[in-house]
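Participant: Those protein sequence lines, which keep their order, are chains A and X. Everything in the first sequence is counted per this note's numbering, starting at 73 for the first residue and increasing by one. Everything in the second sequence is counted per this note's numbering, starting at 73 for the first residue and increasing by one.
FYI, nobody ran anything at the bench for these hints, they're computed from the structure. Any given hint could be a false lead.
[Claimed, not checked] List time: in silico EDC-like cross-link candidates among lysine to aspartate or glutamate, alpha-carbon distance up to 20 Å: (1) X:Lys106 x X:Asp146; (2) X:Lys415 x X:Glu430; (3) X:Lys103 x A:Glu355; (4) X:Lys96 x A:Asp214; (5) X:Lys307 x X:Glu430; (6) X:Lys92 x A:Asp322; (7) X:Lys307 x X:Asp358; (8) X:Lys92 x A:Glu355; (9) A:Lys96 x X:Asp322; (10) X:Lys103 x A:Asp214; (11) X:Lys114 x X:Glu137; (12) X:Lys77 x A:Asp214; (13) X:Lys96 x A:Asp236; (14) X:Lys96 x A:Asp322.
Residues per chain are reported as follows:
Number of protein chains: 2
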Amino acid sequence: MKEIKIGLFGFGVVGQGIYKVIGKSRNAHAKIKKICVRDVNKKREVDIDPVLITDDPSEILSDPEINMLVEVVDNPQASYSIVTQALKRGLPVVSGNKAMIARHLPELIEMQRRYNAPLLYDASSCGSIPVIRNLEEYYDNDLLLEVKGILNGSSNYILSRVFDHNEPYAKALARAQQLGFAESDPSFDIEGFDSLFKLIIITIHALGVYVKPEDVFTYGISTLGESDIRYAREKGVKIKLVAQVVKVNDDNFTMFVMPEFVYPSRYIYSVDDEYNGVVIRGECYDRQFMFGKGAGSLPTASSILSDIMALRHNYRYEYKKMGYLNPPSYTSDIELKVYIRYKETPVPGLLPFRQIIEQHISQNGNYVIGSILLKDLIKLRPILSAPDIFVCNFPTFFADRDTSPEE
Amino acid sequence: MKEIKIGLFGFGVVGQGIYKVIGKSRNAHAKIKKICVRDVNKKREVDIDPVLITDDPSEILSDPEINMLVEVVDNPQASYSIVTQALKRGLPVVSGNKAMIARHLPELIEMQRRYNAPLLYDASSCGSIPVIRNLEEYYDNDLLLEVKGILNGSSNYILSRVFDHNEPYAKALARAQQLGFAESDPSFDIEGFDSLFKLIIITIHALGVYVKPEDVFTYGISTLGESDIRYAREKGVKIKLVAQVVKVNDDNFTMFVMPEFVYPSRYIYSVDDEYNGVVIRGECYDRQFMFGKGAGSLPTASSILSDIMALRHNYRYEYKKMGYLNPPSYTSDIELKVYIRYKETPVPGLLPFRQIIEQHISQNGNYVIGSILLKDLIKLRPILSAPDIFVCNFPTFFADRDTSPEE
Chain A
73 MKEIKIGLFG
83 FGVVGQGIYK
93 VIGKSRNAHA
103 KIKKICVRDV
113 NKKREVDIDP
123 VLITDDPSEI
133 LSDPEINMLV
143 EVVDNPQASY
153 SIVTQALKRG
163 LPVVSGNKAM
173 IARHLPELIE
183 MQRRYNAPLL
193 YDASSCGSIP
203 VIRNLEEYYD
213 NDLLLEVKGI
223 LNGSSNYILS
233 RVFDHNEPYA
243 KALARAQQLG
253 FAESDPSFDI
263 EGFDSLFKLI
273 IITIHALGVY
283 VKPEDVFTYG
293 ISTLGESDIR
303 YAREKGVKIK
313 LVAQVVKVND
323 DNFTMFVMPE
333 FVYPSRYIYS
343 VDDEYNGVVI
353 RGECYDRQFM
363 FGKGAGSLPT
373 ASSILSDIMA
383 LRHNYRYEYK
393 KMGYLNPPSY
403 TSDIELKVYI
413 RYKETPVPGL
423 LPFRQIIEQH
433 ISQNGNYVIG
443 SILLKDLIKL
453 RPILSAPDIF
463 VCNFPTFFAD
473 RDTSPEE
Chain X
73 MKEIKIGLFG
83 FGVVGQGIYK
93 VIGKSRNAHA
103 KIKKICVRDV
113 NKKREVDIDP
123 VLITDDPSEI
133 LSDPEINMLV
143 EVVDNPQASY
153 SIVTQALKRG
163 LPVVSGNKAM
173 IARHLPELIE
183 MQRRYNAPLL
193 YDASSCGSIP
203 VIRNLEEYYD
213 NDLLLEVKGI
223 LNGSSNYILS
233 RVFDHNEPYA
243 KALARAQQLG
253 FAESDPSFDI
263 EGFDSLFKLI
273 IITIHALGVY
283 VKPEDVFTYG
293 ISTLGESDIR
303 YAREKGVKIK
313 LVAQVVKVND
323 DNFTMFVMPE
333 FVYPSRYIYS
343 VDDEYNGVVI
353 RGECYDRQFM
363 FGKGAGSLPT
373 ASSILSDIMA
383 LRHNYRYEYK
393 KMGYLNPPSY
403 TSDIELKVYI
413 RYKETPVPGL
423 LPFRQIIEQH
433 ISQNGNYVIG
443 SILLKDLIKL
453 RPILSAPDIF
463 VCNFPTFFAD
473 RDTSPEE
């Protein structure tokens, strides 16, 4: 590949960042040949030659000179259509759409093989932190035990305003939206789905196993209330939205996205504001911590640039761990220790706790702390969506394995 | 490569760790066929079939079945001899000897090309933290501005005992030796040479430029005294031994290993005990932080395993940045702000300070704080070796560039 001629889909915050970053990189030998957008007349921050802009996808997909496709559109359906068309034509693709990738990963892997066309998506998980690449290449052995982290910058920003800056939740959310951290519909970030999609992608590169998003317990922070914040503060902990995939024994792993009480001794305790932080734990090397800006125009764009450079050097994900002997199986048959706050919903009677450890009833809100099977949480997930309920996990409590109290 | 048959040189702490780690890894498809040691009769912790052990290098180098060589001997001359013989025979090699690699890197790169034999050495820098691989592959673009970190676990352990646990320096050093963190001759760690060699290796993968170890200012912590510790404590900072390579403008970079006053707001402030931590700073992605166990038997062995797996998948360092347009040049013509404590040596008169900012004279020790050119520090390095002198850098003080006060 002498010079990279990029067809770019999407010219929002990240797309414009890519345009800027490529301009800065003297040694990338890459240029953007065409940019496909929904609305060619939309005002944009970046000053760009109008001849580069089109709203006709075929101007990119049918241009024989374009030898790489970069896709950063918002809409997962549009993303799927663009990426699959490009792969079928044998075009190398870089994508940043975590929702689309998480939902279609098995098919996308199969298409990469069938059409001998690589698809990279490191930017889709944790922006500028090279989590996927390191799980695929460096932690490419049987030693890996756990990947756990703060994968969503917007929700972390909001929680950080609450726990580090004593702001009320509603004000913190409004501020995040004002700064552009949270989408106009913030549920993608706030309800944990952004973290979930990243976790699905991480899991296939960490353990070689694809788990469907709908099979994973996902709980966000939209119902976080003053009494929960007070409870955490009294215990000297912060609440953070944590995604984790954990081997529970040689044959099984579990995974979920849930608020968690995070103790000051933990690495992720100090991941504040819009930052992301990931702990990779393994036999022999113990815990490694990677920390950086997980979102935003330029950090995401610099990650896309890394993927562009990697494609230039013929790098592709090999999904090696999918071919391993006896890959571990996903299980939700695992006991967690959770805090559940409620008001009207009769939580202690509705949920099949294995053991109730603590129960507190007051005018400010009731809570129960108990051990419960993850599969029961999944089964009763609709109940937990009631606006009077908030669920929060206690860390590394798995009844059937030895856990270290420190992270 | 169907099955990896390893010839292992060295069976000390790391060598035995490799033996254990390979045993744990079901999917590595690797086995150790022969182990070459200096003394076959030496008692070892690991129980091993004596038929595997030899003291004759040719039993490895001339065995046509052995298809990978792993070298973790202590002695740099022995390491050089083994690695170059293997490369000449076209054998893929994994090495952990940072001193040997840092001294011979240009020749080793040339030999890899000439004999089409790859050499990987990720374990040589920061043990289990994948710094080299990420600099080579992920930060493979013009955005990189700085790599700065704590690269030596032993000296960091000692400083952590002093600053986090209030131990006297001598006691901390003794404890480190007792725990096996510091070598019986601790000068390699304590005087900064271990950090220096790692920095040399990091620099070629970060910026594509080889700098000879002897051209880099290197100052350790052996002369750290009570008055320096008190000074740092009063200012609310810790002293850490920091290695850094920093672009000072588009055309130049500088590098050095020196104790530094580290402020609580910095990522590396919380790198305690025997841990390593590296900050990678770039345009667009700002600062990323990688943290983990930098040394020790199993962490280093797990990093060696990553290199073994990478060789299995035909990975090699391409040293791409060495081919970049206008690589930056190393400069020592750069102003630093330093603290120099002294007693008998008349430091203020001997050193050509550009500006003296503060001077303090007392019975407990005198110090001067001033700005000075790095090249003058290099020139007068022998003077600074006097036992009454301790030098400590103030962070990110470069007169000719904008620096952010926060890390």
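Participant: Please go over all the hints and tell whether each is borne out by the structure.
Facilitator: These are the hints, each one checked on the structure:
no.	hint	result
1	X:Lys106 x X:Asp146	18 Å, holds
2	X:Lys415 x X:Glu430	16 Å, holds
3	X:Lys103 x A:Glu355	19 Å, holds
4	X:Lys96 x A:Asp214	8 Å, holds
5	X:Lys307 x X:Glu430	14 Å, holds
6	X:Lys92 x A:Asp322	17 Å, holds
7	X:Lys307 x X:Asp358	27 Å, violated
8	X:Lys92 x A:Glu355	11 Å, holds
9	A:Lys96 x X:Asp322	12 Å, holds
10	X:Lys103 x A:Asp214	15 Å, holds
11	X:Lys114 x X:Glu137	27 Å, violated
12	X:Lys77 x A:Asp214	18 Å, holds
13	X:Lys96 x A:Asp236	42 Å, violated
14	X:Lys96 x A:Asp322	12 Å, holds
Consistency with the previously given hints fails for numbers 7, 11 and 13, ordered from lowest to highest.
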